[in-house]
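Participant: What follows is each chain in one-letter form.
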Amino acid sequence: MGSDFGRRRYQACYAVLLRLYPRPFRERFGEAMAQTFRDLCREHGDTGQRLFGFALWIFSETFVGIVRENITCMSHLAKTMLRAALVSLGLIMVPLIASRVVDGWNWSAGAFVRVYLLFFVTAMLYAAIARKMGAPAYKAAVCLALVAGFALGWSTMVQTADSGHPERLWYLSVLVVGLVGACLARLKAPGLALTLFAMAAVLALISVLLPSGGPSGMALRMAIGHGVFVALFTASGLLFRHASLAGLR
Amino acid sequence: MAKKNNAPLTPAVLHILLALSTGERHGYGIMKQVEADSQGKVKMGPGTLYGSMGRMMEAGLIRESEKRVDPQMDDERRIYYKLTGAGRAALEAELKRYRGVVAVAEGRLAYGQ
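Chains A and B are the protein sequences, given in the same order. If you're matching positions, the first sequence starts at 1 in my numbering and goes up one per residue. If you're matching positions, the second sequence starts at 1 in my numbering and goes up one per residue.
Incorrect hints may have been included.
Facing chain A, according to a computed beta carbon distance under 10 Å, are these residues of chain B, among others [as the list claims (entries may be wrong)]:
1) 32
2) 36
3) 53
4) 54
5) 78
It should be emphasised that the hints constitute simulated quantities derived from the structure, not laboratory data. As the structure is a computational prediction, the values presented were derived from the model and not from experiment. Backbone N, C-alpha and C define an ideal beta-carbon position, used for all residues, glycine too.
Whole structure, please, built from the sequences with the hints as guidance.
Facilitator: Structure representation (structure tokens):
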């Protein structure tokens, strides 16, 4: 009875210890590790020996593993960030060089910084989501959502800089909805499907509420552009939905 | 991603490959098999076992099989792991390397006598 209580206490402590692993590792092996510890406790209990020394060894050995996995995870993150920063630097060189060559292309330094951040965030998002890519539908949905999101962010930046209408930055709220939704959904397909549908709805709402501020020809072009973005976000949402349904089967 | 070069495997990886060479096993089963294979000389804890298995799965040496009940234990469902083709090839390459080392060592020892 007493030993059973002690065993359960060690198992509870071990479950807490396992939380120190990086999340991807914990999600992959946490349950199996807890189960293995239960098996080891039971085996050790059957021999009639005290659990303390055995638990101390397992806890120390697991702690070393936790340190090692966290270091590995951090070095992966640092490498990913460096790669994303370098890719973004390469991409920002295109408008930077073009602004020197093309007449009338006169972005401010702030615009370049914002576009660089857009490249960087897109690259980091792709890196984060790419690790979860499995089903082709999920992969296609991610690509479509990122391309549409990036194009929307880019065109908003350019149009705001060119037209001097800061209210157009409202379009960036669509991307904010996407980022918050992706975090809340933890990149799972069902949640991402809802997020993409919400992005399409928010974009449609802004398009209706926000006046174009230009001549009718320009308003028509903007309406068509918005329609394309809404269609892209909706298509991405449908692909995520397809991926989630395929996962259930 | 299989083993990129012919660098020797770590002892933990070699023992896990050996344990899985005769069939699918769950984590605790691998531990017990490693202990039996090494006549009790190698005791692998969960930190080493699952850390190594994570890297082996990324390298394509092993993969998860399925979740099922071990008939010899309780009624808990366990995740089983199995060798891949790349894992078996890595094990065979490592054993070949070991045979080479043993042949050299025996030759040297015979020369010294």
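Participant: Each hint needs a verdict: does it hold in this structure or not?
Facilitator: Hint check:
For residue 32 of chain B, the suggested interface contact is upheld, since its CB lies about 9 Å from the closest CB of chain A, less than 10 Å. Of the supplied interface hints, the one on residue 36 of chain B is violated, with its beta-carbon coming no nearer than about 13 Å to a beta-carbon of chain A, more than 10 Å. Here the hint on residue 53 of chain B is kept, as its CB sits about 7 Å from the closest CB of chain A, short of 10 Å. Taken as an interface hint, residue 54 of chain B checks out: its beta carbon lies about 6 Å from the nearest beta carbon of chain A, inside 10 Å.
Because the beta carbon of residue 78 of chain B sits about 6 Å from the nearest beta carbon in chain A, less than 10 Å, this interface hint is met.
Of the hints listed earlier, the one the structure fails to meet is number 2.
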